[in-house]
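Fit chain B to the given chain A structure using the hints.
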Amino acid sequence: MSVTLKDTDSAGTSGAAAGGPVDAAVEPGRTLTRGRLVLRRFLRNRLALVGMVAIASLYAMAFLSPLFAPWDHQQQDYTAFLRPPGGNHWFGTTQIGEDVFAQTMRGLQKSLTIGLLVGVISTALASLVGATAGYFGGWVDRILMWLVDLLLVLPSFLIISIASPAFRGKSWLLFVVLLALFGWMITARIVRGMTMTLKEREFVKAARFMGQSPLRIILRHIVPNMASLLIIDATVNVGAAVLAETGLSYFGFGVQPPDVSLGTLIATGTRAAFTFPWMFLFAGGFLVLTVLSVNWVGDGLRDALDPTSTRARRREPRRRRAGATASAAPSAAPATTSSAKPSTTPSDRPQSTDGSAG
Amino acid sequence: MTAADTLLDPSPSDADGPVLAVSDLTVSFPSEAGRVRAVRGLSYEVRAGEVLGVVGESGSGKSVSSMAVMGLLPPTARVSGSIRFRGRELLGLSDVELSRVRGDRVAMVFQDPLSALTPVFPVGEQIAEAVLVHAGGRVSRSAAARRAVELLDLVGIPHAAERAKAFPHEFSGGMRQRVVIAMAIANDPDLIIADEPTTALDVTVQAQVLEVLKTAQEVTGAAIVLITHDLGVVAGFADRLMVMYAGRAVETGPVDEIYRRPRMPYTLGLLGALPRLDAEGKQPLVPIEGQPPSLVDLPPGCPFAPRCPMAVPECLTEEPALLAVPDVGSDAATTGTPHHAACVRVGEIARVDAAPEDVYEVEAEVPEPEVARVPRAERATVLDVRELVRHYPVTKGTVFRRRVGTVRAVDGITFDIREGETLGLVGESGCGKTTTLMEILGLAAPTGGSVAVLGKDVSTLDRRGRKAVRRDLQVVFQDPMASLDPRMPVGDILAEPMRVHGEDRQRIARRVPELLRLVGLRPEHADRYPAEFSGGQRQRIGIARALALEPRLVVLDEPVSALDVSVQAGVINLLDELKAKLGLAYLFVAHDLSVVRHIADRVAVMYLGRIVEIGAVDAVFETPGHPYTQALLSAIPIPDPEKERRRERIILAGDLPSPANPPSGCRFRTRCFLHATLTDEDRRRCVEVDPALERQGDRAGGAERDPGAGGADHEVACHFTTVRRVV
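Taken in order, these protein sequences are the chains called A and B. Residue 549 in my numbering sits at position 193 of the first sequence; the count goes up by one each step and never skips. Residue 533 in my numbering sits at position 504 of the second sequence; the count goes up by one each step and never skips.
Simulated from the structure, these hints should not be mistaken for lab results. Among the hints, erroneous ones may be present.
The list that follows gives simulated cross-link-like pairs (lysine-lysine, BS3-like), each with its CA atoms no further than 25 Å apart [as the list claims (entries may be wrong)]:
| no. | chain 1 | residue 1 | chain 2 | residue 2 |
| --- | --- | --- | --- | --- |
| 1 | B | Lys496 | A | Lys561 |
| 2 | B | Lys425 | A | Lys555 |
| 3 | B | Lys243 | B | Lys610 |
| 4 | A | Lys561 | B | Lys485 |
| 5 | A | Lys555 | B | Lys496 |
| 6 | B | Lys496 | B | Lys485 |
Excised from the complex, chain A in its bound form:
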């Protein structure tokens, strides 16, 4: 109910006691479930839908291409050096006869996997640390936030590049861990702030008064209630991780040869960007497409999950057309590709006079 009818409460009364101006109780069973509502709002956002389809097809393409592509990414075609796209080299070849399509797909595979893993790991880390700090407060909070602040001021790019010789020749998973380790701090701060508000909610108090253990409360009550933020954040983190991975790999600090990623491909392609553009353009194009669609999806998710957002709202048809079923007009607003994180950092500490209200 609260979600369905929030649309109308911009009129000025604060719904402190009486609810919004319209607060009709809907019979149980007739309401939309939250999941379906979010889905409906999400589907209304065309751009997000396009992003979703794009990501899905990128993944499908990257992982399924070995099944149908004529060349393998390590194979060399000695009959074709620096051949432009066409024939059975769909994206052309490199100076040593490697197939650019196979390489790009392989690179995309690696970049997307790293992105996904980093996104999920860093968000999980952020929610755990943030919720712990926020829930317990006091010394736990201070120590964890000190750690967060420390990691925030460290230049992650430099540290990873300094550390990179150490994991040369080792698994790329180490690289994932390193990237995740530097990507969770801001989210953790937001999660901490949200936890501090959730902690005061009565259902958390109720759980505490029934004797539930703190860890259970965090896992069962607090984290699920931040799910929307976490989903959005994970999505955005995927985009950021892909970019970070590409950047590091470009300078040779990330994925190490013979493995390829979009970053290493772009690095090798740039020198010949003007003369043999296919070596560079495809990798670059896929990178842009990936990050763009991830951000579109993130924006769409944020609008769909946030009940106060106006963008995912059902639009009224401008003119009433007889007979025409008024389908929801798409939101035409240009998607901002910037980060979807809430811009305000939560206030650090509640006021020192603790509540004594009756």
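Just chain B, lined up with the frame of chain A:
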């Protein structure tokens, strides 16, 4: 207010016609489920100097219709019909044109005074701005500032000239609402729309604000539309009443007429559902079954029919029109304002002059728990609080914290609860009720004194012992929206306490449907999410969760204050019934004394961290000894216009003092009306000596209730106790 009088000369009514005439107003909003038709064909008129009370539950369209008058609806709303203000059509005016009327001829007082004021400007400046905007350059800045001070003085803000420079956050809630009223009358409006102006305030402050609103009306001669869900508030204030249901007026008429002879079953239900302060003995309340219909697609017929105990097949075919009530011995003809009701069976109701109990089926009487027959002194003590103290340090600085003061949230209170008994804990917000609750629920050692649950002192408990006590001590919170985890299905919510306490799976599976049935819900509801239930149903789930472990003491923190009247009655009846059935003891915290009178056996009145009066509920309510209790009781409106007009109201001066710096001696003396009448010598006693709770003599009325205790169960902390009947 002499200076203000000249400024606020009531404008000569230029026409005899109504100030505001709304006819056939409809408002609808888009929503995910479809169009919400919030107002469906509403017509009413307000004349100059008249107070129209608009009553209805949330979702009845009462706020939306007034928003439409003010032109404050969001652009997505579709409005049709006609709104004529002094003969001028407001509907269809542009925002700029409307702005000229708004705030000048029509003013609005919102529910939440904090969000109605800009936090970054001094209040005087904000009022002056309201004057300047509509003066069109005819008033100078300094004149406007002077006017602001006069207005603040008029609404009863002490030291107005200084306070005009203060910011909104420096005022208390009641003072803020006064500022908002001052702003509303700044331009001597013809119409003031007050949307739940006192809902967010304490009862004592509510009485003050209503008084101010009355003054404002007398000074400006404006018509007032008072929107509220509280039938008590309008009883003493309004001239005419309009009861709304599902976006339409279902009954209109003069206030006395409607309270004395309600003709629409819904109005009957609302009046019967209200716990009354002046009720004698325990009568069950009249709950209205079901909940307001969804305004998205209303079926044909009377929208109240599904909940109406008198519904006949006719009701489902066509929506009844608002027709004049047949004149059976009513004085409607003489007063000139006819009484209208929208019900097909209005004739029958009028013929028998039905009371709520006749129309709605009510159980004969509130069942008494079996343990209650045992004398109180012989029953086991469930909760024993002795000299409980809770102080909070006030600290300054972030790096080096230093203590600069102490908030004495709870400062030495003593009470006990016996088996099968309900103790109501009442007081204004900030008096320490919630802190007391949290101290008891926290099961940690308090700053001072002791808390013993079921004979076990909580400061001596280890972790395991504490968990064992939690089994017997459960809580129901105020806000049914916030107290249930929105991400958990109801079945899991009910199972959680049992899982925590390690009960086996089969037992939990058996117990969940049992609990749902116990609180009047269906077992199938277990796999739904809380968001799919209405407020009253959610509160029932909260109660079911509290009962899952079969506790002996349930702590209820304002369990019905967030609910609509009709739903509230059902929950109160449920609590009564459960108490009888399961022999529970309740600690019931509330600010609504009518509810406490209905449900509690004993009552404790708190003021600034102390209990000032405690005793059997009848003794305290009928012969209140402490001036604060008297003021508190007199501030509660009674839903009976005649009684309400005759009642003498004790208006307390000022606000609750800060618990960080309580007055010396008797804490209430700064606001005490009795203190003001004393001789100097007696006054000194109030200032110097802190009064202790003293048992009232045999003059108190509750003697026969508790013969075992030797004397009346009634204690008052006042040096000069004088009993005064105020109900």
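Proposed proximity, Lys610 of chain B with Lys243 of chain B (alpha carbon, max 25 Å): Violated. Lys243 of chain B to Lys610 of chain B sits at ~47 Å, over the 25 Å cutoff.
Given pair status - Lys485 of chain B, Lys496 of chain B, alpha carbons within 25 Å: holds (12 Å)
25 Å limit on alpha-carbon distance, applied to hinted pair Lys555 of chain A and Lys496 of chain B: holds (20 Å)
Pair hint outcome, Lys425 of chain B versus Lys555 of chain A [Cα-Cα no greater than 25 Å]: Within the cut-off at roughly 24 Å; holds.
Pairwise hint evaluation, Lys561 of chain A against Lys496 of chain B, where the allowed Cα distance is 25 Å at most: Since the Cα atoms of Lys496 of chain B and Lys561 of chain A sit roughly 15 Å apart, the hinted pair holds (cutoff 25 Å).
Given pair status - Lys485 of chain B, Lys561 of chain A, alpha carbons within 25 Å: holds (22 Å)
Violation of the numbered hints given earlier is confined to hint 3; every other hint is satisfied by the structure.
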